[in-house]
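There are 2 protein chains.
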Amino acid sequence: MSSLAIIILLLLLLELSTISAMVKTRQFKWKVEYMHWSPDGVEGVVMAINGKFPGPTIRARVGDTIYVELTNNLLTEGVVIHWHGISQRETPWADGTASISQCPINPGETFVYRFIVDKAGTYFYHGHYGMQRSAGLYGSLIVEVAKDEKEPFHYDGEFNLLLSDWWHKSFQDQQIDLSSMPFRWIGEPQSLLMNGRGQFNCSLAAQFSKSPISQCKLRGDEQYAPQIFQVHPNKTYRLRVASSTALSSLNLAIGGHKMVVVEADGNYIQPFSVENMDIYSGESYSILFTTDQDPSNNYWISISVRGREPKTPQGLTILNYIPNFASKIPNFPPPLPPLWNDYNYSKTFSKKIFALMGSPKPPTRHDRRLFLLNTQNRIEGYTRWAINNISLVFPTTPYLGSINYGINNAFDTKSPPNTFSKDYDIMKPPPNPNSTYGNGVYMLKFNTTIDIILQNANALAENVSEIHPWHLHGHNFWVLGYGDGNFTTEDAETTFNLNNPPLRNTVVVFPYGWTALRFFADNPGVWAFHCHIEPHLHMGMGVVFAEGVHLVKNIPSEALTCGLTGKMFMKNKHK
Amino acid sequence: MSSLAIIILLLLLLELSTISAMVKTRQFKWKVEYMHWSPDGVEGVVMAINGKFPGPTIRARVGDTIYVELTNNLLTEGVVIHWHGISQRETPWADGTASISQCPINPGETFVYRFIVDKAGTYFYHGHYGMQRSAGLYGSLIVEVAKDEKEPFHYDGEFNLLLSDWWHKSFQDQQIDLSSMPFRWIGEPQSLLMNGRGQFNCSLAAQFSKSPISQCKLRGDEQYAPQIFQVHPNKTYRLRVASSTALSSLNLAIGGHKMVVVEADGNYIQPFSVENMDIYSGESYSILFTTDQDPSNNYWISISVRGREPKTPQGLTILNYIPNFASKIPNFPPPLPPLWNDYNYSKTFSKKIFALMGSPKPPTRHDRRLFLLNTQNRIEGYTRWAINNISLVFPTTPYLGSINYGINNAFDTKSPPNTFSKDYDIMKPPPNPNSTYGNGVYMLKFNTTIDIILQNANALAENVSEIHPWHLHGHNFWVLGYGDGNFTTEDAETTFNLNNPPLRNTVVVFPYGWTALRFFADNPGVWAFHCHIEPHLHMGMGVVFAEGVHLVKNIPSEALTCGLTGKMFMKNKHK
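For the protein sequence lines, the chains are A and B, in the order given.
The first sequence maps to residues 1 to 575 in UniProt numbering.
The second sequence maps to residues 1 to 575 in UniProt numbering.
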């Protein structure tokens with residue numbers, strides 16, 4: 001070896017050791033338990049982590065290993081936690097999805113989630129068993145760029161904003177209602193929460209309201225007192241925002257301030273400026289705003305319901321220009337959101353999102369294209385959602401285990417349909433209630449390019465089609481396009497954006513419309529793809545993808561103690 | 001072999017085959033799921049079995065095998081069912097006690113309870129995981145005498161009456177309240193239920209009441225309409241009654257009718273006649289009554305709260321003399337119960353219970369005597385009950401598995417104390433809050449005679465001592481005596497009844513008093529012994545006995561999929 005080669009080798013080793021020194025394992029011991037709490041001033045019960053609601057915020061750097069020792073301190077219920085937006089490459093068992101990646105963690109038991117955060121961005125985590133996310137089991141997960149890397153934008157400070165919606169009825173009762181015959185809808189949330197805080201009985205902006213709602217009299221130390229965002233004039237701030245809502249699509253605004261959107265679901269996007277922005281359940285964004293307004297005032301930060309007739313008051317907090325008092329109510333009424341059913345407004349926003357130049361481009365061709373029609377149906381008298389006439393019911397044995405070990409009878413072996421009837425009229429209520437329960441899997445060939453066309457349709461009621469934000473586990477996908485009505489092949493040829501489509505893990509399909517996305521099936525594991533509206537998933541609105549499962553090695557047996565995998569371990573023991 | 005011997009042999013074989021022909025396997029497929037229901041006219045949610053609340057009644061004959069395939073159709077919760085009063089001889093894993101005999105059955109999973117009912121009598125079954133019994137998970141289990149056997153009393157017909165109490169707050173919220181700091185008591189039940197039926201907003205006996213409660217206007221087909229007991233005049237009926245209450249001690253009466261008590265917890269007793277009778281949670285009785293009253297009237301059957309200041313209305317139904325209309329309200333007001341705190345009245349009743357002549361007698365000597373003092377304490381700020389300063393917290397791994405397989409660290413290896421300080425003043429609130437959490441086991445030498453002295457004491461509040469009905473799994477015990485104040489050795493010598501003490505599986509300890517019982521530790525397994533008041537057990541009021549566990553063979557691995565036994569099976573698999 002020449003001395004030059006040796007020097008290069010030494011330099012390389014030095015670099016490697018520097019990198020490894022920078023990369024950390026972030027260790028946490030978490031206990032999930034119920035706790036009395038007043039998210040909006042009305043006392044209820046939340047699923048808390050270490051006595052906190054929302055759960056603790058995790059901050060890490062790209063490449064770090066997250067190590068969460070999760071103990072279930074609930075009394076009779078299982079629990080899991082999904083790390084929303086994290087690829088779980090080489091750790092598909094840590095995806096935290098009951099029935100898919102692992103068995104529920106039983107009361108008293110501890111499960112270790114250990115995974116690498118391989119991409120900087122704004123993420124969150126949440127329960128993924130039954131409707132436990134609705135119980136308040138969620139928190140923020142922020143991944144910063146590596147120490148020697150820079151974000152492609154500048155800011156002076158940052159805030160974190162986790163959005164959710166809140167019911168006064170317990171999540172268990174909500175689950176039971178939705179599973180009842182006759183069907184009982186959970187209704188609209190009582191409150192919208194910002195970082196777990198909302199006001200049910202009062203409004204910060206009562207003085208501007210025509211309705212006789214009372215002015216909040218908050219000392220500021222209440223569990224539900226809004227978190228005030230304190231800023232200095234003439235600075236630029238990054239607001240990291242994620243939506244863990246169970247139902248609500250939201251519109252976010254900062255009164256008087258423009259917002260520049262720079263990140264979506266952990267992916268840089270071409271910055272664009274808006275007065276307000278939509279955010280759907282399962283999405284996350286970073287926006288920049290500059291405190292260039294009259295510094296003697298404070299300003300509203302507001303969230304308002306989109307896409308459903310709003311019966312829930314606006315969620316509010318205050319952008320507090322230092323040195324004003326935090327309690328100084330802004331001079332102006334809170335931002336007026338767009339009309340709830342102005343879908344064109346929403347589409348305009350969604351269509352403004354493009355990948356930042358230099359981002360990975362999609363393959364130009366697809367290997368397989370799935371057409372997924374969502375319909376609302378009645379099955380044996382129960383109200384359910386279905387995809388291509390299959391309403392998802394989760395199996396007892398996690399797919400990751402049953403597929404990896406080749407166990408029969410763990411789920412429907414018949415593959416769910418690739419498409420739906422061409423004659424289906426998406427503008428009319430489902431004409432024939434021929435949907436069935438099912439839990440078959442879309443087996444995706446490893447390392448192939450998959451297109452998905454999400455096709456929206458009329459629900460059971462006439463002239464109703466709802467918004468559905470679809471979330472894919474284990475991957476980002478490119479959003480190739482949106483359209484109205486029935487998707488056609490010409491749409492693909494004429495409208496698909498293959499140049500700078502944004503990468504996302506969640507995308508919305510608009511009423512009576514379609515959304516097209518593309519992803520590369522290169523992450524061995526089993527992955528849920530589902531409507532992120534909690535009651536919709538509970539009612540069957542999801543599908544399951546499996547790819548390269550035979551390549552998955554060393555699934556921790558702790559993840560597979562239930563169902564047929566559990567039985568298999570038992571049998572082997574008795575041999 | 002002589003021809004006589006052959007004939008005898010043939011006769012014996014014939015008899016055996018006759019017996020085996022008479023013995024049946026009673027097979028059931030049960031699904032546990034939540035259901036909207038109005039037990040007392042106010043809609044709530046119950047844990048139902050096959051859509052029934054209370055669960056289906058099982059009727060079997062002595063020697064039959066009960067085979068219940070139990071599927072958990074709850075959404076996120078585990079479940080087990082305990083067969084209260086059944087010995088589970090040779091099937092200790094079928095006792096249905098979470099953390100002791102098995103792991104909770106996870107949602108979607110099926111567990112088979114298969115056991116023999118070896119003793120005729122009146123029993124019931126109920127949930128035994130967290131406070132799921134309070135959710136309404138209970139039903140009756142009646143074991144009839146063999147076809148060729150007769151009861152030691154005559155009756156013309158029989159009725160079944162399962163008693164319970166009901167809260168409008170969900171059992172989950174009750175659990176959370178009791179586990180909170182500061183402590184939140186669940187309060188008194190809203191209603192008393194007879195066969196799952198009560199009236200919250202109205203009374204059948206409103207016309208006799210001084211308070212302005214409204215008369216029930218029932219059509220009779222409501223979920224909460226009382227079940228009418230129809231009788232013919234001048235007949236004798238057997239009323240099988242069991243109490244599954246979560247909290248309430250009850251007094252039962254049939255207006256105008258004497259009751260002859262003939263069976264207690266599946267054991268025949270010396271018949272005695274009473275005007276009304278106490279029944280504590282976990283107890284069962286058979287009583288006979290003769291319809292010897294004016295046949296032109298109907299009569300009340302009533303249950304009333306004992307031992308706690310009653311804030312819950314009397315539970316009522318009607319004894320309907322045919323051919324009167326069922327809706328005919330009795331001429332007289334419902335039976336007036338004894339004063340709630342007239343404990344002498346209650347003691348008088350309990351002390352009337354003696355074993356029927358010919359019943360098994362207790363051993364005259366004991367091998368070991370345990371003194372179990374119950375105290376109410378604060379541990380780390382939480383309000384808990386403790387036995388000899390140990391407040392029971394259930395382990396994750398079922399004791400039956402961890403002891404049978406010799407697994408370390410599954411529970412506290414230190415044995416809990418055999419007795420308590422002689423200086424302890426039972427008349428004062430616990431002077432020093434030195435109780436701790438624990439889950440150690442009383443290891444009982446196999447085939448030895450165990451005495452237990454239950455010693456009651458003052459609770460945390462001054463001048464308060466409560467009733468506690470203690471239930472022993474896997475055994476009957478002889479009730480040797482009751483006394484006031486501190487138990488002394490002289491008490492044993494002078495007051496113990498070794499002649500005809502009743503066999504029971506549940507016995508009450510009165511305020512500031514003691515109760516002495518004796519049993520033979522001859523049933524290999526691990527057995528709970530605990531206060532049958534659901535919130536008291538949840539707050540730690542119980543102990544665990546283990547005997548002859550090494551003799552237990554072939555525990556189904558399905559019972560041990562959790563905790564360290566689960567891990568053990570996994571490890572073996574990887575070998």
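If you're looking for bench data, these hints aren't it; they were derived computationally from the structure.
It is possible that part of the hints are untrue.
Unchecked claim - Here are the in silico distance ranges between beta carbons for each label pair:
#: 1; chain 1: A; residue 1: GLU222; chain 2: B; residue 2: ASN50; range: 57 to 63 angstroms
#: 2; chain 1: A; residue 1: TYR345; chain 2: B; residue 2: ARG219; range: 51 to 57 angstroms
#: 3; chain 1: A; residue 1: MET427; chain 2: B; residue 2: GLN230; range: 54 to 60 angstroms
#: 4; chain 1: A; residue 1: LEU218; chain 2: B; residue 2: LYS311; range: 32 to 38 angstroms
#: 5; chain 1: B; residue 1: ASN50; chain 2: A; residue 2: ARG184; range: 19 to 25 angstroms
#: 6; chain 1: B; residue 1: ALA461; chain 2: A; residue 2: ARG184; range: 50 to 56 angstroms
Quick reminder that beta carbons are idealized off the backbone N, C-alpha and C, glycines included.
Would you say the C-beta atoms of A/LEU218 and B/LYS311 sit inside 32 to 38 angstroms of each other? holds, 36 angstroms
Consistency of beta-carbon spacing, B/GLN230 to A/MET427, with hint 54 to 60 angstroms: Given a distance of about 59 angstroms, which is inside 54 to 60 angstroms, the answer is holds.
With 57 to 63 angstroms as the target window, see if A/GLU222 and B/ASN50 comply at their CB atoms. Given about 46 angstroms between the Cβ atoms, the range is violated.
Does the Cβ pair A/TYR345, B/ARG219 satisfy 51 to 57 angstroms? holds, 54 angstroms
Does the Cβ distance between B/ASN50 and A/ARG184 fall inside 19 to 25 angstroms? holds, 21 angstroms
Is the hinted range of 50 to 56 angstroms satisfied by the C-beta distance from B/ALA461 to A/ARG184? violated, 42 angstroms
Consistency with the previously given hints fails for numbers 1, 6, ordered from lowest to highest.
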